[in-house]
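Trainee: If you read the protein sequences in the order shown, they are chains D and V.
11 is the number of the first residue of the first sequence in the working numbering; add one for each residue after it.
-2 is the number of the first residue of the second sequence in the working numbering; add one for each residue after it.
Fair warning: there could be bad hints in the mix.
Non-contacting residues of chain D with respect to chain V, defined by C-beta distances greater than 10 Å in every case (computed) [stated by the list, open to error]:
| no. | residue |
| --- | --- |
| 1 | E26 |
| 2 | A27 |
| 3 | T34 |
| 4 | E79 |
| 5 | S89 |
| 6 | V92 |
Just some of the chain V residues that point at chain D, by a computed CB distance under 10 Å [claimed, not checked]:
| no. | residue |
| --- | --- |
| 7 | L8 |
| 8 | F9 |
| 9 | F85 |
| 10 | P106 |
| 11 | G107 |
Keep in mind the hints are simulated off the structure, nothing from the lab.
Cβ atoms here follow ideal geometry from the backbone N, Cα and C, with glycine treated the same way.
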Amino acid sequence: GNSVTQMEGPVTLSEEAFLTINCTYTATGYPSLFWYVQYPGEGLQLLLKATKADDKGSNKGFEATYRKETTSFHLEKGSVQVSDSAVYFCALKTGNQFYFGTGTSLTVIP
Amino acid sequence: DGGITQSPKYLFRKEGQNVTLSCEQNLNHDAMYWYRQDPGQGLRLIYYSQIVNDFQKGDIAEGYSVSREKKESFPLTVTSAQKNPTAFYLCASRGPAGTKGGDTQYFGPGTRLTVL
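Chain V on its own, in the form it takes in the complex:
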């Protein structure tokens, strides 16, 4: 089955701890994205990556970090510098430009992070 997986579905952490959210895709997509979703605010872009070993900040990158060492994987670390980390985090990928999946994002099931 091709798709995007995020783990875990629910994550609890104490304030001041860093935490890493996993995102894996087997769609052979080059581009991957991380969004944060808060009630009533839609999706806000944290980071995106167009290719392995390259990534760019989105609108709300402060307090987050990413890596893209493999095409299939784009983990997000929520650091202790993020002032309000409790949210629903969504990972997405997009196929190559000019292909059927090239202008569409496909989303994972999300991870709900709660910082206590």
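Isolated chain D (complex conformation):
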């Protein structure tokens, strides 16, 4: 079946630290991969996406590379800010359906 596994949180980092949130997937065919971000009490916002192997998605300093050989799509940022505190969801799309990970909560402290 199709599924997404992402690292459990919560993750707490100091401002300007390096961030990695791991995401691996299981899917039939060739899925598109996404990272979404959710701020408290709000819906999900698309952060970045990649639609084929070796593609790199990037936005607001965040990056993730679609690795078919390791079925991974890890999220990275070189220097986090307090405003990056949120819950991050990894997701895949295959056919007409989307599958989401359970989310990783990130807190960045000054």
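Given chain D, put chain V in place with the hints provided.
Mentor: Below, chain V alone, put in the same frame as chain D:
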């Protein structure tokens, strides 16, 4: 402004009552989705609709119903048969396949339902 609206943001109901959550989009998207979010469980698909007058059950459809009479609207009814309805409900839409928005879901702000 194009986007997805959900109303109300907070909703309180007594146990045993049906309640309808609104979802409207002006993105001209064909596909719309309803998810339920519980703490630590990510998003679970309730229903989705690829086109007007057509919809399919997701993973947790029991106790819920939907309609899709207009392209812009996809209301969700939480019935009294839903055993644990208190949750955060998210609506999303997706553009036509092959277009820029065709493989991406766009979400509304959510409705938090509390059943007392």
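Trainee: Hint by hint, say whether it matches the structure.
Mentor: Hints, one by one, checked against the model:
1. E26: holds, 29 Å
2. A27: Check passes; 24 Å lies beyond 10 Å.
3. T34: It holds; T34/D is separated from chain V by about 15 Å at its closest Cβ, greater than 10 Å.
4. E79: holds, 22 Å
5. S89: holds, 27 Å
6. V92: With a cut-off of 10 Å, V92/D remains clear of chain V, as the shortest Cβ separation is near 22 Å.
7. L8: Hint violated; L8/V Cβ to chain D Cβ min 14 Å, cut 10 Å.
8. F9: violated, 16 Å
9. F85: Constraint on F85/V satisfied, holds at 9 Å.
10. P106: holds, 5 Å
11. G107: Status holds, d = 5 Å.
Hints 7 and 8 from the list above are not met by this structure, while the remaining hints are.
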